[in-house]
Each structure stands twice: as structure tokens, then as C-alpha cells.
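Residue numbers (my numbering), protein chains in the order written: chain A, 53 to 350; chain B, 53 to 350; chain C, 53 to 350; chain D, 53 to 350.
Hints listed in this document are in silico derivations from the structure and should not be mistaken for laboratory results. For clarity, every value in this text was computed on a predicted model and none was experimentally measured. Any given hint might turn out to be false.
Claimed, not checked - On the chain C side, residues computed to face chain B include the following (Cβ under 8 Å):
no.: 1; residue: 88
no.: 2; residue: 92
no.: 3; residue: 97
no.: 4; residue: 100
no.: 5; residue: 105
Think of the CB as a built atom: it goes at the ideal place given N, C-alpha and C, for glycine as much as any other residue.
Number of protein chains: 4
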Amino acid sequence: MEVHTKSVSLSENPYKERARMLISCPDGPGIVAAVSHFLHQHGANIVQSDQYTMDPAGGMFFMRIEFDLVELEQKLPGLEEQFKEVASKFEMNWRIHNVNRKKKMAIFVSKEDHCLVELIWQWQAGDLDGEIAMVVSNHPDMKEYVESFGIPYHIIPVTADTKKEAELRQLEVVGNDIDVIILARYMQIISPTFIQHYRNRIINIHHSFLPAFVGGKPYAQAYQRGVKIIGATAHYVTEELDGGPIIEQDVQRVSHRDDVRELKRIGRTIERVVLARAVKWHIEDRILVHENKTVVFN
Amino acid sequence: MEVHTKSVSLSENPYKERARMLISCPDGPGIVAAVSHFLHQHGANIVQSDQYTMDPAGGMFFMRIEFDLVELEQKLPGLEEQFKEVASKFEMNWRIHNVNRKKKMAIFVSKEDHCLVELIWQWQAGDLDGEIAMVVSNHPDMKEYVESFGIPYHIIPVTADTKKEAELRQLEVVGNDIDVIILARYMQIISPTFIQHYRNRIINIHHSFLPAFVGGKPYAQAYQRGVKIIGATAHYVTEELDGGPIIEQDVQRVSHRDDVRELKRIGRTIERVVLARAVKWHIEDRILVHENKTVVFN
Amino acid sequence: MEVHTKSVSLSENPYKERARMLISCPDGPGIVAAVSHFLHQHGANIVQSDQYTMDPAGGMFFMRIEFDLVELEQKLPGLEEQFKEVASKFEMNWRIHNVNRKKKMAIFVSKEDHCLVELIWQWQAGDLDGEIAMVVSNHPDMKEYVESFGIPYHIIPVTADTKKEAELRQLEVVGNDIDVIILARYMQIISPTFIQHYRNRIINIHHSFLPAFVGGKPYAQAYQRGVKIIGATAHYVTEELDGGPIIEQDVQRVSHRDDVRELKRIGRTIERVVLARAVKWHIEDRILVHENKTVVFN
Amino acid sequence: MEVHTKSVSLSENPYKERARMLISCPDGPGIVAAVSHFLHQHGANIVQSDQYTMDPAGGMFFMRIEFDLVELEQKLPGLEEQFKEVASKFEMNWRIHNVNRKKKMAIFVSKEDHCLVELIWQWQAGDLDGEIAMVVSNHPDMKEYVESFGIPYHIIPVTADTKKEAELRQLEVVGNDIDVIILARYMQIISPTFIQHYRNRIINIHHSFLPAFVGGKPYAQAYQRGVKIIGATAHYVTEELDGGPIIEQDVQRVSHRDDVRELKRIGRTIERVVLARAVKWHIEDRILVHENKTVVFN
Numbered sequence: 053m054e055v056h057t058k059s060v061s062l063s064e065n066p067y068k069e070r071a072r073m074l075i076s077c078p079d080g081p082g083i084v085a086a087v088s089h090f091l092h093q094h095g096a097n098i099v100q101s102d103q104y105t106m107d108p109a110g111g112m113f114f115m116r117i118e119f120d121l122v123e124l125e126q127k128l129p130g131l132e133e134q135f136k137e138v139a140s141k142f143e144m145n146w147r148i149h150n151v152n153r154k155k156k157m158a159i160f161v162s163k164e165d166h167c168l169v170e171l172i173w174q175w176q177a178g179d180l181d182g183e184i185a186m187v188v189s190n191h192p193d194m195k196e197y198v199e200s201f202g203i204p205y206h207i208i209p210v211t212a213d214t215k216k217e218a219e220l221r222q223l224e225v226v227g228n229d230i231d232v233i234i235l236a237r238y239m240q241i242i243s244p245t246f247i248q249h250y251r252n253r254i255i256n257i258h259h260s261f262l263p264a265f266v267g268g269k270p271y272a273q274a275y276q277r278g279v280k281i282i283g284a285t286a287h288y289v290t291e292e293l294d295g296g297p298i299i300e301q302d303v304q305r306v307s308h309r310d311d312v313r314e315l316k317r318i319g320r321t322i323e324r325v326v327l328a329r330a331v332k333w334h335i336e337d338r339i340l341v342h343e344n345k346t347v348v349f350n
Numbered sequence: 053m054e055v056h057t058k059s060v061s062l063s064e065n066p067y068k069e070r071a072r073m074l075i076s077c078p079d080g081p082g083i084v085a086a087v088s089h090f091l092h093q094h095g096a097n098i099v100q101s102d103q104y105t106m107d108p109a110g111g112m113f114f115m116r117i118e119f120d121l122v123e124l125e126q127k128l129p130g131l132e133e134q135f136k137e138v139a140s141k142f143e144m145n146w147r148i149h150n151v152n153r154k155k156k157m158a159i160f161v162s163k164e165d166h167c168l169v170e171l172i173w174q175w176q177a178g179d180l181d182g183e184i185a186m187v188v189s190n191h192p193d194m195k196e197y198v199e200s201f202g203i204p205y206h207i208i209p210v211t212a213d214t215k216k217e218a219e220l221r222q223l224e225v226v227g228n229d230i231d232v233i234i235l236a237r238y239m240q241i242i243s244p245t246f247i248q249h250y251r252n253r254i255i256n257i258h259h260s261f262l263p264a265f266v267g268g269k270p271y272a273q274a275y276q277r278g279v280k281i282i283g284a285t286a287h288y289v290t291e292e293l294d295g296g297p298i299i300e301q302d303v304q305r306v307s308h309r310d311d312v313r314e315l316k317r318i319g320r321t322i323e324r325v326v327l328a329r330a331v332k333w334h335i336e337d338r339i340l341v342h343e344n345k346t347v348v349f350n
Numbered sequence: 053m054e055v056h057t058k059s060v061s062l063s064e065n066p067y068k069e070r071a072r073m074l075i076s077c078p079d080g081p082g083i084v085a086a087v088s089h090f091l092h093q094h095g096a097n098i099v100q101s102d103q104y105t106m107d108p109a110g111g112m113f114f115m116r117i118e119f120d121l122v123e124l125e126q127k128l129p130g131l132e133e134q135f136k137e138v139a140s141k142f143e144m145n146w147r148i149h150n151v152n153r154k155k156k157m158a159i160f161v162s163k164e165d166h167c168l169v170e171l172i173w174q175w176q177a178g179d180l181d182g183e184i185a186m187v188v189s190n191h192p193d194m195k196e197y198v199e200s201f202g203i204p205y206h207i208i209p210v211t212a213d214t215k216k217e218a219e220l221r222q223l224e225v226v227g228n229d230i231d232v233i234i235l236a237r238y239m240q241i242i243s244p245t246f247i248q249h250y251r252n253r254i255i256n257i258h259h260s261f262l263p264a265f266v267g268g269k270p271y272a273q274a275y276q277r278g279v280k281i282i283g284a285t286a287h288y289v290t291e292e293l294d295g296g297p298i299i300e301q302d303v304q305r306v307s308h309r310d311d312v313r314e315l316k317r318i319g320r321t322i323e324r325v326v327l328a329r330a331v332k333w334h335i336e337d338r339i340l341v342h343e344n345k346t347v348v349f350n
Numbered sequence: 053m054e055v056h057t058k059s060v061s062l063s064e065n066p067y068k069e070r071a072r073m074l075i076s077c078p079d080g081p082g083i084v085a086a087v088s089h090f091l092h093q094h095g096a097n098i099v100q101s102d103q104y105t106m107d108p109a110g111g112m113f114f115m116r117i118e119f120d121l122v123e124l125e126q127k128l129p130g131l132e133e134q135f136k137e138v139a140s141k142f143e144m145n146w147r148i149h150n151v152n153r154k155k156k157m158a159i160f161v162s163k164e165d166h167c168l169v170e171l172i173w174q175w176q177a178g179d180l181d182g183e184i185a186m187v188v189s190n191h192p193d194m195k196e197y198v199e200s201f202g203i204p205y206h207i208i209p210v211t212a213d214t215k216k217e218a219e220l221r222q223l224e225v226v227g228n229d230i231d232v233i234i235l236a237r238y239m240q241i242i243s244p245t246f247i248q249h250y251r252n253r254i255i256n257i258h259h260s261f262l263p264a265f266v267g268g269k270p271y272a273q274a275y276q277r278g279v280k281i282i283g284a285t286a287h288y289v290t291e292e293l294d295g296g297p298i299i300e301q302d303v304q305r306v307s308h309r310d311d312v313r314e315l316k317r318i319g320r321t322i323e324r325v326v327l328a329r330a331v332k333w334h335i336e337d338r339i340l341v342h343e344n345k346t347v348v349f350n
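With the rest of the complex left out, here is chain A (with noise of 0.2 Å):
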């Protein structure tokens, strides 16, 4: 099957001279005038940008900026050096993307297929800017699937024995070269060990309801008291489970016609489409982490 050559065959490339930066620091006078003449210095020019400040006294500033830099490939490196310098000056977190080179995800999945199909279906379509390098399951059931798209499969069980071996075969598998790992669904709990490796780089989805239901079978508590609305959360993973800074949410309209066998589905629908569209932003290096909160400019 060769459905998902379009991603890769842009035959012109509007954006090949294209860069993307992202800056995070303590609020203060100067900031944009010393990044923006950095980069005019250089000749970049700014295709747009960004700015938010928390809290004006004594708050956090956050930036993105795209800018066009002829030989850009070429140039980045010495630009990223020289950059220090102003960096330094005002603390930040920082970094600069080269847009050429695509991102690469990492996908885990358990039993539950439907954000695994959307994100590849995405992919395919040329709609999500990067490169799904792996799929990582504890299941052998998305093999087949995974494999007719040309991308490996990694089959890693994960068992209460198992757990700590499992853990250090993904990390293997996973490796330092990949952007994102996106849990699809993944059903198993991630180690904090394995989320200093990755931090802010693990996205998880979940489902959402207003109000929380607390404790198990959450869509049939959902429908016991009728609730009107059910959500999904998509969030960057930290030691606090899902409790991590929220990335994007959505929601749909249910009604007490919708026995939990619907709800469930809706739910899933909701779900594939929140999880597409944070790994979408973070493709996009649209989002900046704060303490539990993002930023994003989208």
C-alpha cells in the first residue's frame, strides 16, 4: 500500500528556508527588541510571532517566533552559537527548529486502535508534519496494520514480573532521537524514570467529563447522573498521574438517549480528534510548558 506518499512529496517546498524558535524566560525590558534584532542582525526575517506575558510584575515571558533565513541548513549552527550571548543576558529556555527536518513520534498503544488509526490516517494525509518512527505495544494486534504503512512494530509485553525489563527494552527501542512519544491509549502506568527521559515530550489523552466522576467506570457514572457533555484531555505526562500541564481539550453533546455503550463511542471520537490536534502543536513547536500549564499559540 502506497497511500501515504504525499507527506514526503512535496514537490515545492514553500517552507525549506523555514525556522522556528522558542524562547521562555523571566519578564523584563528589551526582550523582543534584543531577539528580533538578533535576528534582523542575521538576516532572518520574521514570518510571525508570539508573545505572551504571565502576570506582568515579575511574571514569566514566553515567545515563538518563524523566521526565513537564506541557507539556512547551512547558517543554523553558527546562528544557535551566537545566540548564546543573548540568551544568557536575560536566562532563558530556548531552542531553535529547523522546520526540513521533520520530527519524529514515537506511538505506544495497547488493545484500542482508534487514536493509533487517526494519527496515522493524519500522517498520511500530509497533515501531520512529521515522521511516525515506531510503534511501541505491549499487544501483538496492531501488527499487521502497522507494518502495511511501512512503519516498525515493536511488541514489548509488559507484565507485574516483567515491568522494570519492559521499561528498559523501551527505552532502548525508543532510544535519544525521537521528538515525541505519544501514548495512544496505552494502558500501562509510565515510570518517573522513564518520564525524566522525555519531559514534556510524552503526550497522553484521556477522556473528560464535567463533572469529574472519581473512582471506576467513569462512563457509567457519567450516565447515571445524565450528564449533557462528555470531554477529552489531552496532556504532557508528569510524575503526577494525568495531572500534567493540559494541552488541548474538546468535548461533544450527549443526551440520556446515549446508553454507555454510545457514550463510549462518542467518547472515542472526541478522543482521536484531541490527540491529533496536540500532536499536531507540538509537531508545530506551538507549545511552551510552564510549571503545569502551556502555553499555546496556535
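With chain A held as given, fit chains B, C and D onto it using these hints.
Using the frame of chain A, we list chains B, C and D on its own:
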């Protein structure tokens, strides 16, 4: 000010022979046949009907019927008397409401006025087809505004010491002729005694988040975790705080740009829209309650 | 690939005695009583029912009933035969559908694949409770993909010269056993002859804007006027181009940041969601058509 | 009635040194650097900034900056004078607005009051950070209501014969000190002369449908085709009727159960919400107009 005349001056009333019937009972064969046969026999013409069966096997049956009946006013008492036989056979909870008898609302409010103002606005625009019989408040703030619409305003202060007396006074003021009590941001706990008097007739509104935030200052917590959606829930009041059957919910998107103050502003807008919808549905006899859940035929 | 087994292997079928009845007729007294009495007499148990009367005085009456009947398969022909007397008395358009007889879909597609892929995805996830009997296309592009699911793929090229022959070939291939034809971005005009064969059984999807843009390149026009919302409309195909009864619509917010390419991408996402919902409702017998309007009981 | 005091009595004003700068100019290198360098030099601290480049190659550049400047009131004239050099170099359209100088609104209204009431409500709740300087109407209906808030109400009747004189009177009444004219369901055509006086400062609201319905009685047409979504569009008024740059749009779901009267009621609710948002963004200097399109930094 005479701006509220629209709600009473419909020169031609297309609904002057219209009634609504609400039924809930254990499911079983022949209910619809029995009810529709009864109405047909008595000359009523069914113009709208909704049914819903919760859990086919041994579940509950819910029905809402709108019908027209010539000389409704005179015939209704007889119709109700004769329906008792049908109702008894199927163990029905039921009621019939003459659409021309306007429902009476009592609105409880503290200091925040947004929900009260929305209800009065929708009422004077003719969109809430009932009568605002009174406003009850523990504060005098909205007195002049409310009375300018010709609505009685009862100030009943509540303190820790006078809680009991205040409630007795409320029961006295509200009386037994009120169809629905609306807690339009009324910031006092309602006692079980009061709730029992008006079972499934007290509607409350509160903000809602995905996920819920436990503890104080929920808007501050929501801001700190960077929620992307905030919402509101309207529900019937039960003995469990904010745990009663949900009538309606809605949400709005927010972003990192919205500070706590802006989140609260958006929250107020959703609250007034959601509460007004819930009240409209209650007044139009669109809501049936079963256990901790509503069936809303809208 | 065996991913689509979920839709056929429900080991326990809770709906094995379930049927759906759709009725539309001139409004008048006694219809509900007659129908529910008839079903009760014949041992059917009504589990869900919706009615709607369009314009009370001299209007149209619409009804959808789900009922369970022991030994449905054997008894249905007799039931239908005997219902004719009731139907005739009230001049009904009616049909009864055995839920266990899966509806047959034929999907027409050209080169754009997003709607086709969504339908196949929802079908193999068990969310579209029918059978994709065939895909018909004027292009070979999706052949391998479609056939990998075991679905027949018919290539029928269409040119200005061969339009007539192509249509005859289509009529032959589709035949009389298909319940619904889905134009999943099929970019050829359907002739009145073809439409008459499948009256109210051809569903089309197209993008929609507020306001509409007359003339070519609607996305470019929408971009130039800075629309903030784009949408999609699913409708039954009639002789008036894109003018048939609307089944479902939905929208998504966009901003000035979305260029024409991104608007198109978002448009595709809405199209596939809206089309899939319309097909689901058609398959579940939730849609009644009257003149140029649908009544959707969902 | 003194209910509108909230908007003027903020005891502590966190924005007392805040200004907003709006720039649009042909895109080119160095703009951001030049502007941010200029502001930094003059002691201003940028607290929020948005940029957008429409079509990278030879396109337009748009920028909105919020900055704080000690002793803003005194320093602003000098700052503006000195900025002219920067502005001239890049051929900028620009303006700087002192946040503490409340924007002045003139609201035009005919007989339908829902948009007017919403604007007054949001204003008195402190959500519209401007001043309602006057209401102008061709009817006396809302006089008492408007004046109860201390707002001047000018009745200027318009007939076919007096159209010209009426407009001269309007120009006189509105004058040159008004920042935005809001057509809150003002049912008279505005002449090109009037539009030229207040280019990109007249906001209109009208209902919108997917698809649009040409000819009279759009709600009746929408009902007859069974639309599932209705909406509203707020736009700047240009010489092309209802064809000016779109500021904001929103929609709500409807169903076959909603008759023409109910569709209109829902339409009114969307209109008032959408108009209020557009006015809020105009007042907060969030809108830049280019050709027939808006860039909204919200």
C-alpha cells in the same frame, strides 16, 4: 418601565387548548397504546410525543405528550379523574399541565446579578413562558432593579445564628403555589427540609471544569493547569451538594491568554445561558427525573 | 488485514428481535392510538418512539418506533401485511426494517479519499452498523486500499463522451439491493434518471460557509473575507444541485492565521465527521423526508 | 438606578500606564526589530505582542503590542511624534491608544432591542471597557429604558422623504469624537457618505445560514430546508451591503422541532453574543483591517 409587556400581550394564542402530559413508569407492553387510546377516546389530538425507555429489560419508561383538547379548561379536571384508572394499571407517576396556566418562578439571588438579569431579560422578551412571582435575596442590592419590573423583592438576611428562622421565613414567602425555585447564584446552603418541600423543583447553577478541581478557588486552579475549556452545569438540588440530576451543561473555549479574571467573566456568560435553558425546559415540562438522572425531551 | 471483524462478531446480539418502523402521513386524531394499539395487539413491545407534527393545523405527522417482537424474522411479513389496513386508513407512507438485516452501502468516490477512509474506519470499528457492499469510482487510486478490506472496487471511468454509458454501468453495478449510495467526494454530476432510481437514498457532502460564496474557489473567497467559521453539509441528492434536504451540518472555528491550504484541511475534517453522522442516521432509520426537509430523530 | 457603577469604580487600576499599538505595513525585514528597539529605548515594557504576516512573499505585516510606560499620559504625545520616523521608513498604518482613555460608543437601534440590551448589560457589568456615549434610534420605543442608565437617547425618524436630512442630523449628533458606531439591529441602509466618515468604525450584525438563502424571509427558507445550524455574523460596514470584513461569527444547533418563531428566538441569542464579542474586540484594539478581511488578535 413597561418593557415586559411582550410576554403577556400575544393577541392570538395558538396554544389556548394545549396541555402537556408527563409520565414515568416501569416499562411494559401496551403503555403507549393505552395512553394514546385514552386521549383519542376523550377527543384529544396529540401534536407532539416523545418516549424513551431506559434499559429495555425491566427498565423505566418515560413519555411526554403535547395535546390539544377543545374546551380544555372545563374538561381537564374530568380527564385527570378518568386517567387515574390507566395510571394505576401501569403504576405511573404522571401529571398534566394546562399550557395556559403560566408557571410561577421564585428566583433566589445573593450579590452576583448575571443570572438574575438574564432570566428577567429572557422573561420580558417573551422567551420564558412563565411568571416571575418573586425574587428572594439575603442582600438588598438588586431590590430597585427587580422592583422596576413590578416583581416583588423579599430581603431575608441569613447569618449563622438566624439560619433556621431565615428558612422558615423563606418557606412562608415562597409558599406552595410556586412551580420552580431558581438558585441564580444564591450563595447559601439549602437545608434538607427545604429541599423536601420542593423536590425536583429547585434548580441550581454552578461552574464546571474538565477535569474538576477539588478544594477552593477552582478558577485559580483551572488557570494554573491551563485548562482549555470551562463550563457550567444546571441541576436539580438534592441533599448531596452539587450532586443532583444534571439538566443542562455547556462550555466555552479559553486559552492561556485568559487570566483568572477573564475566566470568571467567561464563566458568568456560560452560567447565565445554561441556567436560562434549564429553566425554560422546566417551565415547558420537558424534564423527567428518575433516580439521579434527567430525561430531557427538547 | 482482518481489522474489520468487530462489526460482524458481536457474540451476543441484544437487538436480535428489534425492528424499526417509520411513518409519515397527514396529521389527524387517533394515529398514535391506532399504531400503538396495533403493535400491542400483535405482541410487539415499543422500546423507543418519537413523533413530530409539522404545523399542527392540517400538517404532517412523523413517527419512528423501535419495537421488540419475539420471533421477529418469521412474524414480520405477516405483521406488514396486516398493518396495511391501518396504513391505508391514515394514508401513511411507512416501512418496517428488521434491525438484523444489515443495510447495504455503496460508496462513490473520486480522488479525494478522506470521506471514504472515515466511513471504512467507522465501519470496521463497529460504529456504522451496515455493510459496505462496494466502492464505485471513476479513478483507480483507492483500489488497493479498498480491496484490502475485502470490499469490491468498481472502476467506471466517466468522460464527457461516455457519461451515458458510464451511468448505465453504474445502475447495473449498484442494482436494486442497495439501501444507500454515499457520494464521498464523488466529483461527477448525478443525472435525474439516476436520482429517481434512488430517491432519498443518495447522500452527498459538501463544504459550507457563513455566508455562502457564489462562484468558483469558495475557500479562496472565504479566506479573502476572513471568515471565522467553516462548515459542511450532508444532504439527500435531488435534481437541484446541492439543494436537497439537509441531514446534518457542523462547523469549526478558523482564524486569520489559517491560510487557504489550512482552511481546506479543516474543511476535510468537518466533511468526514458530518458525512459519517448522516450515514449512521440513515442506516439507523432515523431520517424521514418531507418535501425538501428532513425530520431526524436522533 | 445605579447598577452601572462597576464599570467606573475600579479602585485600583492595574492598567493605568498601559497603551496599545496597532501597525499594518508591507512586510519586510527588520520591522519587529525596529519597533521593539524603539519602544525599549523610550522606556516602554512590552507585555503582550502579536504579529501576523499575510502571504510571506511580498505580503502584509500586522502587529499589535501592549506596553506599559511610566507617566504614559505625559509621554505619549512625544512618543507618537518620534515614532513617525520609524513608521515612515516602513510605510506603516499605525495608531497608539491610551488604555485609560475609554472608547466612546454610539449605538444605533430600531425596534428590536435584544442587541442593545446585551450591550448595556455587558457594559454595566464591566465587561465592555468603554463608554456608551449615546443611543440613536428612528423609533422612541427604547427611550425610557436607555435613559434609565443615564445614557442620552436621540430620536431621529427616517422616512423615504427625510432620509438625507436624517443622515445629516445623525452626523451632527454622532460627531467626530465617537470611536465606534454599533448597528444593533438598526434597520436602515447606511449611505456611502456616512460610511466614509466612519471607515472601519461601524459594526453591523446579521443572521447567517449554512448555506445562505437568497431573497426574502431567510428564516422561513431555512426552516423549509431543515437547516441544522443557524448563525450570526458581525462585520464592519462597507459600501457593499452585508459584504464588509467579518469580525466574528458563531452558530447554534437547531432541529426540525424548532419552528420559524423558535429559529428567530435562537437567532437573536446568537446575534447578541456575536455582536458583543465584536464590539469588545474593537474596543480593546484587537482588530486590524486589510482589504476586505480582518486580523483579530484575541
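These are the hints, each one checked on the structure:
no.	hint	in the structure
1	88	holds, 4 Å
2	92	holds, 4 Å
3	97	holds, 5 Å
4	100	holds, 6 Å
5	105	holds, 5 Å
In the structure shown, no violation is registered for any of the earlier numbered hints.
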